[in-house]
Amino acid sequence: MGCTAERVAEALRAVARVVAEHREELVRLDREIGDGDHGENLNRGFTALVSKLDGDVPGTPGAVLKSAATTLISVVGGAAGPLYGTAFLRAATSVGDAAELDAGAVAGALRAALEGVVARGKAAVGDKTMVDALTPAVAAASSVAATGGDVAGVLAAAAEAAEQGAESTVPLVARKGRASYLGERSAGHLDPGARSTALLLRTLAGSAR
Amino acid sequence: MGCTAERVAEALRAVARVVAEHREELVRLDREIGDGDHGENLNRGFTALVSKLDGDVPGTPGAVLKSAATTLISVVGGAAGPLYGTAFLRAATSVGDAAELDAGAVAGALRAALEGVVARGKAAVGDKTMVDALTPAVAAASSVAATGGDVAGVLAAAAEAAEQGAESTVPLVARKGRASYLGERSAGHLDPGARSTALLLRTLAGSAR
Amino acid sequence: MEVTVKKIINDPATVVADALRGMELAHADLLDVQYDPAVVVRVDAPVPRKVAVVSGGGSGHEPLHAGFVGRGMLDAACPGAVFTSPTPDQVLAAVQRTNGGAGALLIVKNYTGDVLNFETAAELAAAEGIEVRSVVVDDDVAVKDSLHTAGRRGVGGTVLLEKIVGAAAERGVDLDGCEALARKVAGQVRSMGLALAPCTVPHAGEPSFTLADDEMELGIGIHGEPGRQRVPVRPADSLVPALLDPILGDLPFGAGDRVLLFTNGMGGTPLLELYLAHGIAERLLAERGITVRRRLVGPYITSLEMQGMSLTLLKLDDELVELWDAPVRTAALRWGL
Amino acid sequence: MEVTVKKIINDPATVVADALRGMELAHADLLDVQYDPAVVVRVDAPVPRKVAVVSGGGSGHEPLHAGFVGRGMLDAACPGAVFTSPTPDQVLAAVQRTNGGAGALLIVKNYTGDVLNFETAAELAAAEGIEVRSVVVDDDVAVKDSLHTAGRRGVGGTVLLEKIVGAAAERGVDLDGCEALARKVAGQVRSMGLALAPCTVPHAGEPSFTLADDEMELGIGIHGEPGRQRVPVRPADSLVPALLDPILGDLPFGAGDRVLLFTNGMGGTPLLELYLAHGIAERLLAERGITVRRRLVGPYITSLEMQGMSLTLLKLDDELVELWDAPVRTAALRWGL
Ligand SMILES: Nc1ncnc2c1ncn2[C@@H]1O[C@H](COP(=O)(O)OP(=O)(O)O)[C@@H](O)[C@H]1O
Ligand SMILES: Nc1ncnc2c1ncn2[C@@H]1O[C@H](COP(=O)(O)OP(=O)(O)O)[C@@H](O)[C@H]1O
Ligand SMILES: [Mg+2]
Ligand SMILES: [Mg+2]
Ligand SMILES: [Mg+2]
Ligand SMILES: [Mg+2]
Numbered sequence: 001m002g003c004t005a006e007r008v009a010e011a012l013r014a015v016a017r018v019v020a021e022h023r024e025e026l027v028r029l030d031r032e033i034g035d036g037d038h039g040e041n042l043n044r045g046f047t048a049l050v051s052k053l054d055g056d057v058p059g060t061p062g063a064v065l066k067s068a069a070t071t072l073i074s075v076v077g078g079a080a081g082p083l084y085g086t087a088f089l090r091a092a093t094s095v096g097d098a099a100e101l102d103a104g105a106v107a108g109a110l111r112a113a114l115e116g117v118v119a120r121g122k123a124a125v126g127d128k129t130m131v132d133a134l135t136p137a138v139a140a141a142s143s144v145a146a147t148g149g150d151v152a153g154v155l156a157a158a159a160e161a162a163e164q165g166a167e168s169t170v171p172l173v174a175r176k177g178r179a180s181y182l183g184e185r186s187a188g189h190l191d192p193g194a195r196s197t198a199l200l201l202r203t204l205a206g207s208a209r
Numbered sequence: 001m002g003c004t005a006e007r008v009a010e011a012l013r014a015v016a017r018v019v020a021e022h023r024e025e026l027v028r029l030d031r032e033i034g035d036g037d038h039g040e041n042l043n044r045g046f047t048a049l050v051s052k053l054d055g056d057v058p059g060t061p062g063a064v065l066k067s068a069a070t071t072l073i074s075v076v077g078g079a080a081g082p083l084y085g086t087a088f089l090r091a092a093t094s095v096g097d098a099a100e101l102d103a104g105a106v107a108g109a110l111r112a113a114l115e116g117v118v119a120r121g122k123a124a125v126g127d128k129t130m131v132d133a134l135t136p137a138v139a140a141a142s143s144v145a146a147t148g149g150d151v152a153g154v155l156a157a158a159a160e161a162a163e164q165g166a167e168s169t170v171p172l173v174a175r176k177g178r179a180s181y182l183g184e185r186s187a188g189h190l191d192p193g194a195r196s197t198a199l200l201l202r203t204l205a206g207s208a209r
Numbered sequence: 001m002e003v004t005v006k007k008i009i010n011d012p013a014t015v016v017a018d019a020l021r022g023m024e025l026a027h028a029d030l031l032d033v034q035y036d037p038a039v040v041v042r043v044d045a046p047v048p049r050k051v052a053v054v055s056g057g058g059s060g061h062e063p064l065h066a067g068f069v070g071r072g073m074l075d076a077a078c079p080g081a082v083f084t085s086p087t088p089d090q091v092l093a094a095v096q097r098t099n100g101g102a103g104a105l106l107i108v109k110n111y112t113g114d115v116l117n118f119e120t121a122a123e124l125a126a127a128e129g130i131e132v133r134s135v136v137v138d139d140d141v142a143v144k145d146s147l148h149t150a151g152r153r154g155v156g157g158t159v160l161l162e163k164i165v166g167a168a169a170e171r172g173v174d175l176d177g178c179e180a181l182a183r184k185v186a187g188q189v190r191s192m193g194l195a196l197a198p199c200t201v202p203h204a205g206e207p208s209f210t211l212a213d214d215e216m217e218l219g220i221g222i223h224g225e226p227g228r229q230r231v232p233v234r235p236a237d238s239l240v241p242a243l244l245d246p247i248l249g250d251l252p253f254g255a256g257d258r259v260l261l262f263t264n265g266m267g268g269t270p271l272l273e274l275y276l277a278h279g280i281a282e283r284l285l286a287e288r289g290i291t292v293r294r295r296l297v298g299p300y301i302t303s304l305e306m307q308g309m310s311l312t313l314l315k316l317d318d319e320l321v322e323l324w325d326a327p328v329r330t331a332a333l334r335w336g337l
Numbered sequence: 001m002e003v004t005v006k007k008i009i010n011d012p013a014t015v016v017a018d019a020l021r022g023m024e025l026a027h028a029d030l031l032d033v034q035y036d037p038a039v040v041v042r043v044d045a046p047v048p049r050k051v052a053v054v055s056g057g058g059s060g061h062e063p064l065h066a067g068f069v070g071r072g073m074l075d076a077a078c079p080g081a082v083f084t085s086p087t088p089d090q091v092l093a094a095v096q097r098t099n100g101g102a103g104a105l106l107i108v109k110n111y112t113g114d115v116l117n118f119e120t121a122a123e124l125a126a127a128e129g130i131e132v133r134s135v136v137v138d139d140d141v142a143v144k145d146s147l148h149t150a151g152r153r154g155v156g157g158t159v160l161l162e163k164i165v166g167a168a169a170e171r172g173v174d175l176d177g178c179e180a181l182a183r184k185v186a187g188q189v190r191s192m193g194l195a196l197a198p199c200t201v202p203h204a205g206e207p208s209f210t211l212a213d214d215e216m217e218l219g220i221g222i223h224g225e226p227g228r229q230r231v232p233v234r235p236a237d238s239l240v241p242a243l244l245d246p247i248l249g250d251l252p253f254g255a256g257d258r259v260l261l262f263t264n265g266m267g268g269t270p271l272l273e274l275y276l277a278h279g280i281a282e283r284l285l286a287e288r289g290i291t292v293r294r295r296l297v298g299p300y301i302t303s304l305e306m307q308g309m310s311l312t313l314l315k316l317d318d319e320l321v322e323l324w325d326a327p328v329r330t331a332a333l334r335w336g337l
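Chains as they are written, first to last, in the UniProt record's numbering: chain A, 1 to 209; chain B, 1 to 209; chain C, 1 to 337; chain D, 1 to 337.
The set of hints was computed from the structure by calculation and includes no laboratory data.
Please read these numbers as outputs of a predicted model, since none were measured by experiment.
Honestly, I wouldn't trust all of these hints.
[Claimed, not checked] Straight-line alpha carbon distances no greater than 25 Å define the calculated DSS-like cross-link-like pairs of lysine-lysine that follow: (1) D:K184 - D:K315; (2) B:K66 - B:K122; (3) D:K144 - A:K122; (4) B:K52 - B:K66; (5) D:K144 - D:K184; (6) D:K6 - C:K6; (7) D:K315 - D:K144; (8) B:K122 - C:K144; (9) C:K184 - C:K144.
One chain only, chain A, in its complex shape (with noise of 0.2 Å):
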């Protein structure tokens, strides 16, 4: 089964929701370790991106992401805005101007996502940042998709790992991001980022089923 504009869409909304429902948590997170904005950020530009998907649906799925990553980019400010917003355009040119995707073309567009996330932000893994959630769901949707398997099981892959990858996080000392002017008292928490990205790929899966 292809995975067609409008169900990528969908898929979108669906994060809004979960991103909505996620703000507080979120905030309390980024709280904890950073300036406690990074729920507010993301529910402020996915807010937008149905605003704007209620008006017009673009008719590939690269265009929908193409349209999610400029709405991120302008609405969300932040670490998170350039960081996500980057990602969707890189997801947005890998998959070009197909009508429908496949689990190839998914985990393609995955991986395009992290190396435009690590382009911009030069954050490695054990760095404490959404790279820590992304890196290992890139690497597990490339090996469900090479081994044959569908969209849907490309996304819950990525979603696992990223949970897991995002639970990782958890004992790091942060370099990059603000988290990171804690110094060791870093440790011990979630970095927020690590778990919106762990979200927003567990409703996509859960979308793609």
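Fit chains B, C and D with the ligands to the supplied structure of chain A, relying on the hints for placement.
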């Protein structure tokens, strides 16, 4: 037994000790219905007075009282500075240059003090100020003096009446001083200035025994 | 004495003098500080043949008054202990240091302590042959004014009065003129404040009052004293009218009036919130046909770290506008110089 | 959305726009406000042939940056959501509105979000043919700087840099010159801060961290983030060196240096305490043979209602002194105009 300059100075030193001991209580009372500085203000004034007396004790009770007046006026500030300062100034004038004060002189000094406070502050009994403590004290002192009591008896009666007068301020709604800004909400609190007046008279009475 | 309170201080007993030392160093181009008794005077005092404009009051309201010492505003400020009016010695010293032969105008906020101490100082100065006039500011509409009360408090209007009278004195207006102008301003300025959180006086060590998470005080003054009414927290759209309406009704102000709107922070209020409140107040005034011709927004008369705000409205005419716009050069207000 | 927090606001989601409305009304003589995207520009923008000096960042640090828009300082400020860097759209709009043909200098505080968003804006502006340079301010010595961290935060030094570079641009210095000057200032300015009490972000509804009655945070930034170290409260005589010594050791500053000392309040600190701390810092610098030639004392880069302070030291030479003294006319800093 008459009251010499040395005795008056000794009594004022005792007042300084008592004010220091009750500094926090007076601050707390003033915080409840005023601005929280009454104990600090009086303590600053009487501490300065003790330093001055340590340098030199003037030769007559009147001169000691005058020295207290100018010190309190120069150092205390706020409402209590001019009011207590005027009280001591009028008391000093009232006793003239007598070498010793008898019961009548002490009662007369108290009356002059009250008249000074009222002249400056325009408060009447029932306005929830130090006048509520000083007025009954003056009445009690006069009647003891008139019926042949000694200095200790005059001051003991004044202290007793001042304490009752101070207590009587609790239910009152303030009409003068900062507590008046609270309107009805000033009721249910002891007036700090009435309390300090009672403390002062009780200490003088103790010193006269 | 140990620090018993969470403040950037050494000893609560010396906090005013310690702060004056920093002020003196920070603003050596504007002011001179004298410590015993404590007086802050403009650096070029006395200015010959100029009326000396002198004010003062308890400390803890900074920048009032010392932050307004300088050309076009105050000649001297007398900082008392925190929330305690200055002593007559301080006021007398200020008058002596700044009298340039044209006499002195004392600007007194209406508190029993301030009135009594300035009164004594005025008598002492007069005894030395210096002509002195006093004007009492009592603009706080939260407080009942009657013969049987201490009368209204002097709050935000003081800042506006000091600026306007300071400008007149700088232009050479004589003592009679300055006094008349001060009475005029005092007569047409009104204020009211609220607090979201109290302040802590250094020596007291405990907050001046306590508020639950969802409570605020309406009608507070500037001394950390509780207000007249404790009410639940509400949105700014309902807070601002709660301050503005009593002000408008009091003078009263009405359609066609031209005003200066002063949105003041109590010391611990983010500027973001002040501007937000200011915008609402401007809108409400416009709706009532009142023209805001001048405005001042910021923490100019504070209550230590209290969170809250006050609004002050001054009815303007061309004379007052011109004097408001006149150059001023002080630590806290500065333009045209 | 309901008000869930004790602040003078209506809706946490619209707090920045609501505050801008008040700011626009309060300072119509100085600035114009544009709302979507949110940009504050000086009223006479674009100034032909002048380099446009543009900055911005999260809101909640007022008066930074919008309070510094005006002649002799910033051409535009881009206010993000509270504690959230602005978006590229805002920065691009600011550059477009203020570019007078001489290009734009972007002053960016070193936070991941700010750097990324300004970077994108710079690319977009370049694509439109506008010459843009960016300078990153990273003066906070509390934070470790290495290739493997986000680097030091931009804090108090930003205010000084904006004033000095703004003065140069006003005099007609070209884009190369402004950029070089900005790098020079950024290279010789250092800061450090502390907090006695945290702040509460409107949408968060809870304080950014909690401190016991006898604790403070050393090395805090300006976003309500916790500092690097929690220590017991101490007297000011020991607090001030805890900020000053790391600053002095970092550049380093030493005997014979001439400096600007900036004693900054975090938003909820009484001016009395700031002046007190300033006096101590001046004394300590004098003891070390460092000459304080200029000073700034007040809440200029804040963290909402946070209680605390920061010290900033800038090494001066005659060029910088002259540019610091040059006229400036903004809502928050004004002299000579
Ligand atoms: N350099 C970086 N690379 C990748 N992710 C980063 C980087 N810096 C920050 N992040 C992510 O961004 C999250 C914070 O986002 P957000 O709170 O919205 O922005 P800000 O830090 O500007 O307030 C962090 O939890 C982290 O996962
Ligand atoms: N008009 C007045 N007449 C008599 N006593 C007064 C008057 N006003 C205030 N007081 C007394 O002064 C006390 C407050 O003194 P204090 O706190 O030192 O001064 P302030 O009110 O200036 O802070 C009150 O408790 C009251 O007893
Ligand atoms: Mg954040
Ligand atoms: Mg008091
Ligand atoms: Mg007082
Ligand atoms: Mg942020």
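Status of each hint after checking the structure:
no.	hint	in the structure
1	D:K184 - D:K315	holds (10 Å)
2	B:K66 - B:K122	holds (22 Å)
3	D:K144 - A:K122	holds (17 Å)
4	B:K52 - B:K66	holds (12 Å)
5	D:K144 - D:K184	holds (21 Å)
6	D:K6 - C:K6	holds (22 Å)
7	D:K315 - D:K144	holds (21 Å)
8	B:K122 - C:K144	holds (17 Å)
9	C:K184 - C:K144	holds (21 Å)
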